[in-house]
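Chain F is already provided as a structure; the job is to place chain S on it using the hints.
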Amino acid sequence: MARAVTTQHKVIATAAAWIVALLIFFPILYTIITSFKSEQEAIQGFDLIPSWTLESYADVQSQYNYWKPFMNSVIISVGSTVLALLVAVPAAWSMAFSPTKRTKDILMWMLSTKMMPAVAVLMPIYLLFRDLGLLDSRFGLTVMLMLINLPIVVWMLYTYFREIPGEILEAARMDGASLWGEIWHVLTPMAVPGIASTMLLNIILAWNEAFWTIRLTTTEAAPLTAFITSFSSPQGLFWAKLSAASTLAIAPILIMGWFSQKQLVRGLTFGAVK
Amino acid sequence: MLAPAVGLLFLWMIYPLLRTIYYSFMRYNLQRPETYGFAGWNNYFYFYMDPGFWPAILNTLVLVIGVLIITVVGGILLGMLLDQPIFGQGIVRILVISPFFVMPPVAALVWKNMILSPSYGVAADIAKFFGASPVDWFAQYPLFSVIMIVAWQWLPFATLILLTALQSLDGEQKEAAEMDGAGFFSRFWHLTLPHLARSITVVILIQTIFLLGVYAEILVTTGGGPGYASTNLPYLIYKVGSVGGDVGRASAGGVIAVILANIVAIFLMRAVGKNLDK
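Each protein sequence line maps, in turn, to chains F and S.
Using the working numbering, read the first sequence as starting at 1076 and increasing by one per residue.
Using the working numbering, read the second sequence as starting at -2 and increasing by one per residue.
If we strip away everything but chain F, and leave its shape as in the complex, we get (with noise of 0.2 Å):
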């Protein structure tokens, strides 16, 4: 008897998660299914089933030289969290394996350097941008994402960096490894997944950023970002072409993000909820 409960409980639940979760994913589906309609099928009405046409796929590319804005994207997320690891991998180390007494206030302190809205300095940045002609430099751009994801990247790793047993680190000290020798020859292989997982959620938020990307590009750094929204002009009517490009924007994310869900949760809090 309780068997059989059990069995219709999940049958059940099972349904109901399904038509729940069909239904928010219902816009990328359907995103995703008018990618491979014509402009014409596109505004016909509700149809599931395209004719699998790969011409708007062709079109975006010849078009508007969809490759540019992708590789600027992947320029721009990879260039600014390879800079940020590289600045954050020696400072959550120290505070994970030397904390001292100011450690939680440093971390404390950064953490609320992300609190401040972008938009509040928008004219400054925008201003210093132009007037070292860092504006619609992939460069500018790249440093920039760094800055607003250092804080996220220095406290996961501190977080992971933490879980790494400290008797290790003092054997290597004992046999006279230097400091740099304890993180590269003794500790690397125990902190990779960490960091790897940091540097994942890291090129997610870096590809997604979407203020700085829009305000402070034109054409010839503009990310996929940038791109897309220049779709909201008239431009925007064809919906099969916006669709292809949405797809080829969000896939390698998507793809990275269902491999990172857990290190997602992680990251964003701040290491508050594992």
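Hints are computed from structural coordinates only; laboratory data are not their basis.
Quick caveat: nothing in here was measured; it's all calculated off a predicted structure.
Treat the hints loosely; a few may be bogus.
[Claimed, not checked] Some chain F residues close to chain S (C-beta under 8 Å, calculated; not the full set): (1) 1092; (2) 1094; (3) 1100; (4) 1115; (5) 1118; (6) 1121; (7) 1125; (8) 1126; (9) 1162; (10) 1190; (11) 1192; (12) 1198; (13) 1282; (14) 1285; (15) 1304; (16) 1323.
[As the list claims (entries may be wrong)] With a Cα cut of at most 25 Å, we get these calculated SDA-like pairs of lysine to any residue: (17) 171(S) x 264(S); (18) 1189(F) x 85(S); (19) 1337(F) x 78(S).
A virtual CB, placed ideally from N, CA and C, is assigned to each residue, including glycine.
Frame of chain F; chain S shown alone:
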């Protein structure tokens, strides 16, 4: 070891902030650079007098609170549903969290054109199917439409975090409560909700930081209109500064935004700081 990170962040925090405060007291319009000079409190006064000021403050609050209510309530319900034993749990989870990874301009344009468009959108098709006339969402309910899009993006985040918290709830405790004859609502109220309290706090505070800065979703859908109906504080500052070229007044708005964000930040720091002591 710490110096590069601390130095960079210090510069990144202090330089733009000081410049914003400085500009907020200067008469500085990019379209009329010759009028540059000290302005006293004028920028604050004119930002406050802007017809969009009160609508923007109000819309910011409605947007933040509206999205928080939808995502937290929805996240609890969805988290509890996904916490049940179900077939294909992994795939369901992937489907549910996906919207979080969609960049804001894509989310906004997809909703605007393909879901909510009054002429060809899916919502209009559904309305027509039931014999109702399609609604022009962004013209008639601009702020509500923006809230829907933003809530769609953040529901996965709330769900994921609350689900993680639910999964750490002791199974034995749940069973003991069931044995004692505690009903579903009694268990929810006395066991589940208190257990979730801290995670809910974290969700609210973190989302608030991001929700106070909603920008791209408004830019590509309503452009803040009609009138000021969907203009929030970031969008108003952007309009005054980037579109109007008034650096001084936009900076005064920026200072106000910083003050608002700091009020929230103080609470967040306390919540996260407590965790650090453990």
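Exercise for the section: Have a go at the residue 1115(F) hint: is there a Cβ in chain S nearer than 8 Å to its own Cβ? Expected result: violated, 12 Å
- Item | Restraint satisfaction for residue 1323(F) [CB to CB of chain S, less than 8 Å] | Cβ of residue 1323(F) sits 10 Å from chain S, so the hint is violated.
Practice item. Verify the interface restraint on residue 1285(F): the C-beta must sit less than 8 Å from at least one C-beta of chain S. Key: OK, holds: residue 1285(F) within 8 Å of chain S, min 4 Å.
- Task: For the hint on residue 1094(F), just tell me whether its beta-carbon gets within less than 8 Å of chain S.
- Result: violated, 10 Å
Does the interface hint hold: is residue 1192(F) within less than 8 Å of chain S, judged Cβ to Cβ?
-> holds, 5 Å
| query | Is the hint on residue 1162(F) kept, meaning its closest Cβ partner in chain S is under 8 Å away? | reply | Since chain S brings a Cβ to about 5 Å from residue 1162(F), closer than 8 Å, the hint holds.
Under 8 Å, Cβ to Cβ, is where residue 1092(F) needs to be relative to chain S, so tell me if that hint holds or is violated.
holds, 5 Å
message: Quick check on the hint: residue 1118(F) CB to chain S CB, less than 8 Å?
response: holds, 5 Å
Open item on the list: Less than 8 Å between beta-carbons is the criterion; does residue 1190(F) satisfy it with respect to chain S?
Closed with: holds, 4 Å
Holds or violated: is the Cβ of residue 1125(F) closer than 8 Å to a Cβ in chain S?
violated, 13 Å
* Compare the distance between the alpha carbons of residue 1337(F) and residue 78(S) with 25 Å, and conclude whether the hinted pair is satisfied. => Measuring from Cα to Cα gives roughly 19 Å; hence the hint holds.
task = Classify the hint on residue 1304(F) as holds or violated, based on whether any CB of chain S lies nearer than 8 Å to its CB.
result = Hint on residue 1304(F): holds, closest Cβ of chain S at ~5 Å, below 8 Å.
Of the hints listed earlier, those the structure fails to meet are numbers 2, 4, 7, 8, 16, 17 and 18, in rising order.
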